[in-house]
Amino acid sequence: MAEISAGRSRGRRTSIAWWRDERTRGIIWQIVVVAVLCLGVWFIIANMVDNLRRLGIPLGFDFLNAPAGFAISFSIIPTDLNSSIGRVILAGMINTLLASAICIALATILGVIVGICRLSKNYLISRLATAYVETLRNIPLLVQLLFWYVAILQLFPNVRQAINVFDLMFMSNRGVNIPRPIPEEDFGIVLVALAVGIALAIGIASWAHRRQMATGQQFPKGRVGLGLIVGLPLIASLALGNPVSWQVPELTGFNFQGGLVLQPELTALVLGMTAYTASFIAEIVRGGILAVSHGQTEAAYALGLKPGTTLRLVIIPQSLRIIVPPMTSQYLNIVKNTTLAGAIAYPDLFSIVGTSLNQTGRPVENIAIMMVFFLVISILISLFMNWYNRRIALVER
Amino acid sequence: MTDETVSVPPSEGRKPDLPPPMSVSGPWAWMRENLFSSPLNIALTILSLLLLYLIIPPLVAWATTLATWVFPTEVIVGDRSPRSSDCPDGACWLFVRARIGQFLFGFYPEPERWRVILSFVLGAIGIYGLLGGPARFRKYAAIFFFVVFPIVSFWLLRGGLGLMSVPTEQWGGFMLTLVIALVGIVLSLPFGILLALGRRSNLPVVHLLCVIFIEFVRGVPLITVIFMANIMLPLFLPPDMQVNVLLRVLVGTTAFVSAYMAEVIRGGLQAIPKGQFEGAMALGLGYWGVMRLVILPQALRISIPSIVNTFIGFFKDTTLVSMVGLYDFLNMVKTGFKDANWVGVEITGFAFCAAVYWVCCFSMSRYSMHLERKLHTGHKR
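From first to last, the protein sequence lines are chains P and S.
To convert, take the position in the first sequence, counting from 1, and add 1237; that gives the numbering used here.
To convert, take the position in the second sequence, counting from 1, and add 3; that gives the numbering used here.
Pulled out of the complex, with its shape left as it was, chain S reads as follows (with noise of 0.2 Å):
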């Protein structure tokens, strides 16, 4: 560039150089180009330090230095059980902190919640082999996820065969949301790549009845599909075979998610081009040849990220099944409030419960955003 040492003589009719700019770079300069650039900002600048500190210290403060984290000595020493009055101000963590047990486990066999622990541990295997382990392993880690897992964990969880059975009503809390949860991804994954090629099928009848059961499902609220599963599938099924609450709720939840995991897929369908499709009839494929060869498995990568992110919409919506009575996180939190030993803690405990949930989806996303941007290499040019 110029050699800035060099200075241009003073000519005839040239006005005098101007001052040097002021700092264009440091904090000052940065300062004064993002906070105060113009009267609007410097007020919307004052404006949010306001709010800033009308809200950060209060809320830190209830949430440490106020709070109450260790029990009193007549707790420990086994004289009586805490109860809310240990707690003068801010957030009462002992209600956390004496009920966490139930919160995770719900009412699960203390001696055999291992087996919860466990099958978690398995799942979490499962998940990271598809997602993030090395592809070589990918199809193994398919086949354990989607059909090992399953069985092992089931069995693990309900007992039989060898280990004690703990019928589902004694599931709950944060486990249960766990199994929810899993049970819809496993499941809805299948059914919603059959809804999706059934959309997009030239087979009229196949087509229409996937359009319907998919609109129809969107068009509805998940709790009403919850309500529906519950109430309605006892009536449908001969009075010999009924099941239970669980199964019931389980069967709505995966008939929601399959809908909108059919939506997601077939953007993923939509976006392979067609040249795709017509290579691999010109091989000599079949349908199922080519779509599970050639088109799946291209269709599928390019919607993982909007398939965690259904996840985590779902993930949320477990919350839901409290309102038919399953005794999720959600409702084990709220099962506490009633203990008379617990009166007016419920800040504290859907503080608590927000920040479960926060920790979780907000992961989630940020994994999400994670695989969109490896998954996005080869696409974008």
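Looking at chain P on its own, in the form it has when it is part of the complex (with noise of 0.2 Å):
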């Protein structure tokens, strides 16, 4: 072996010039990759000081320090007039990552029971299912966004007329209205309550499993857990004359007061963006279900398992190797389509970015603000499907 790559690399050096060796090519070629883009970066860079010193804007952000002078229509941490632009900028984040934490809950919901209906025997069912996904994954989220929008605001009802769903919850063209719940001083004992019962489920969990594996005897530990986790909560609520108090919305004058209020921008913005990506997350399920091999259906049932067992223990551990990736991708499309709330007045990000740019006109530093901000997100999502994908990923000998 040595001999034959020693009698090569001498070849080489008798008969090949060295402006054909590969090697030395790849490295030339290489160093004019460098030297045009090192260019390209100077020109931009030096454009760029220039135009920003003809323009007379300073780069730095010491400008999050100064009051935003905009205020913004929703936001969990409070901000008004005054509020730093930093600190509006952050809210804008946050509705951000809330926005995408419901849309990537209810999406997946959504779509796994869409993409099960699809395989649905019941013929009008997956009909129905198939419907559904071709119509909503062909037409623009924008569209879809635009749509419910307007359609909230225009057939909704306006809040005289809001309906009344058992004097709980009224829906009206300012947004869903829910009650709120407060708690009171002995809420602290129903969260122990909970906590002991989780912890003791997970530990009969665990109990149960070793027992089985030990001597094959199971332990119905999926009902005993689910009624500790309920049932001890439930128990000292009850114990302690129930400590959460509702407080329902009420109409007084001209808007509701009191409650929790989902507005019209969100709730377009939940619609419609659940309703989209679900066609997708369905189609995902779907394919992921049937690549799983009919031949583990059948030996599963050969062994006597029964079929939600089999369901359980079967299909959906092999289905899920498929379905992450793909839906890891999903996942990331829906933060980065969030940005699309700004088309229907739901503060996010982008809009927050778009408006704090026209205010301060600082372009540079307010995209780099919002691109580190999507690159750290999409990148901490994917980590953690890859972690995740590896701990289920099959283990071949």
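Incorrect hints may have been included.
Partial list, derived from the structure: chain S residues whose beta carbon lies under 10 Å from chain P [claimed, not checked]:
1) LEU43
2) MET244
3) PHE340
4) LYS341
Just the calculated beta-carbon pair ranges, DEER-fashion [said to hold, decoys possible]:
5) GLN1391(P) <-> LEU211(S): 49 to 55 Å
6) VAL1271(P) <-> ALA138(S): 40 to 46 Å
7) PRO1563(P) <-> GLY162(S): 41 to 47 Å
8) LEU1335(P) <-> PRO114(S): 49 to 55 Å
9) VAL151(S) <-> ILE1400(P): 58 to 64 Å
10) ASP243(S) <-> TYR1625(P): 42 to 48 Å
11) GLY163(S) <-> ASN1595(P): 31 to 37 Å
12) ASN1595(P) <-> LEU250(S): 19 to 25 Å
13) GLN173(S) <-> VAL1273(P): 47 to 53 Å
14) LYS1543(P) <-> LEU288(S): 31 to 37 Å
Residues from chain P that keep clear of chain S, each with C-beta distances beyond 10 Å, as calculated [said to hold, decoys possible]:
15) VAL1270
16) ASP1299
17) GLU1371
18) ALA1388
19) SER1482
20) GLY1591
Hints listed in this document are in silico derivations from the structure and should not be mistaken for laboratory results.
We treat Cβ as the ideally placed atom computed from N, Cα and C, and that holds for glycine.
Both chains are sitting in their own frames, so use the hints and assemble them into the complex.
Rendered as structure tokens:
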């Protein structure tokens, strides 16, 4: 082996001119690429510095401390006209994350349901699911968001004629008002009971697993665990005389007072995004389940497993391996697509950065903040999903 | 098989024959099997029938019988212009009829609109030649679509050299949507191929640069890329070299689609067995020879369905240019709502918009499925 390679390299030295040598050419090409890139970057930066000086725009992030001077219609952390720009941008980031989290949760649930419905033996159900998927995934998300927004503003009644659901929930063109839970003093005890219930359930599950491994005897760990998690807090709250009071929205004057408000912007965003992304998730779920070979199901039945158990122990673990990677990119898409919320006046990061850019006249820093935010989110979600993917990946011998 | 006319005589200990099974074919059996096989299934069937009953009749009535299709006589005679109060109930298709010219061509001058139609007919011929036409013309179709068609259609659309000049500010409507989508696809394919080859290159610097570009662009939303191109590009160029909004947006969208195209083509490249590279190398071909003559023809062929899917996604994403003030189809429809004559026609407008996009994307996705079946033959054994 050593002789052969030595012979080859000697041959190259003697018979091939240096400019024909693959390695030399590779190095030269890379030097050329780096040189062109450096020239390009130098050109861009020189122009940018020049342009910024000409326009009198300084560089630096100190403007984040200045008062914003513009209000945003919805934020989790309190903001007002005097809040600093940095704080308002932070509120925008939280709004983006909030909308993404709600949409990811709902789209996953709806997508899995629709995906399973598409596989149903019931002709009507599977056709309905197919129609859902084919309709929604072929219409641009922006059109859907605008449609829902307009539909909520126009088709929902005004506040005085709000749709009343058992005097608890009110739907009007100002949004959906729901009761707000207000914890009282003893509520901590209920939380402790919940924690104890979860801990006990986990303990019982691991004990039952060990016993089944050792003796083969099964234990209804699922039902007992659920009973503990739901039952203990329920008993605690009944014993304490219901330590949570609900603040129900009430119509006073021209608007509802009290309770929680889901604004029309957020409602339209959640509706549109959930419905749109669920159509993609449904296809992923369907593909993943179909990819598990039929022999696996038959083998599980032959072993005497019930259909539910087969689904839980045989089909889902195998299909998850196929489902997880494309699901990651759908979750990333949801986070990235929340930027469309700017079109329906939901104050997400993109629309706040746009306003801040107009107010401060500092394009470079504002766009940099937004880009870095999305890159960090993308990397975090991919890292998490890669970790999860490795955990469930097939361990081959 | 067995002859059913032969009946076995009843023998000792044999139980009487079971009654024949109920019909196993025909509509009743089909319904029993597919709709009413279990209590859960019956419940689901009733639920979906209820859902259909609640959704379909009102929707159809809104779009057809309740809707207004024809202009009132005063409008036809020319006494006044149409307005939203001409539509008492249901969808107001009058709005679409009155503004269809703007929806399709934006502010493009009316006597010149044949140029738009002609250039898109040329584009359609090119796409047909590339994907559906006879194989021996494919090379010429590729040259036509990627070289001749962009130059000719730019001349037709923009004007000059004997044609009336139409500045890009007057481009709009569905035409602008198609321009953005076609420029994206025509430019992103070569860039995507280069990026994909770069990402698989052995040269570490080239590989790293391509990975950084692709992952950066894929990590941020399209609208931020468009926004950045729109705002930062003027800062990156010398003051005497400024470009207009449409060109800036096209730079952003092309960079964006190229990154996604690169990943699709990389998938195709990875599907080519190593033996193909080695065989081509053994024939004495250099890197570009191997790629151009052996690898890329196979890799591109495999990735055509995914390329079409990427294009469908991008076609839907062209609506985002409305957020930086370009008058694409969606923005043109939205602009129509600002007319004082047309108050409250938003739902009709968006429904029309959704229907147009749906027809385009659905037919493209069916076509991509058809291509997938057509191209699959040689690879599945």
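Going down the list of hints, with the structure as the test:
no. : hint                                 : verdict
1   : LEU43                                : holds (9 Å)
2   : MET244                               : holds (9 Å)
3   : PHE340                               : holds (9 Å)
4   : LYS341                               : violated (14 Å)
5   : GLN1391(P) <-> LEU211(S): 49 to 55 Å : holds (52 Å)
6   : VAL1271(P) <-> ALA138(S): 40 to 46 Å : holds (41 Å)
7   : PRO1563(P) <-> GLY162(S): 41 to 47 Å : holds (45 Å)
8   : LEU1335(P) <-> PRO114(S): 49 to 55 Å : holds (52 Å)
9   : VAL151(S) <-> ILE1400(P): 58 to 64 Å : holds (59 Å)
10  : ASP243(S) <-> TYR1625(P): 42 to 48 Å : violated (53 Å)
11  : GLY163(S) <-> ASN1595(P): 31 to 37 Å : holds (35 Å)
12  : ASN1595(P) <-> LEU250(S): 19 to 25 Å : holds (22 Å)
13  : GLN173(S) <-> VAL1273(P): 47 to 53 Å : violated (37 Å)
14  : LYS1543(P) <-> LEU288(S): 31 to 37 Å : violated (59 Å)
15  : VAL1270                              : violated (6 Å)
16  : ASP1299                              : holds (20 Å)
17  : GLU1371                              : violated (7 Å)
18  : ALA1388                              : violated (7 Å)
19  : SER1482                              : holds (36 Å)
20  : GLY1591                              : violated (7 Å)
Checked against the numbered hints listed earlier, the structure breaks hints 4, 10, 13, 14, 15, 17, 18 and 20; every other hint is satisfied.
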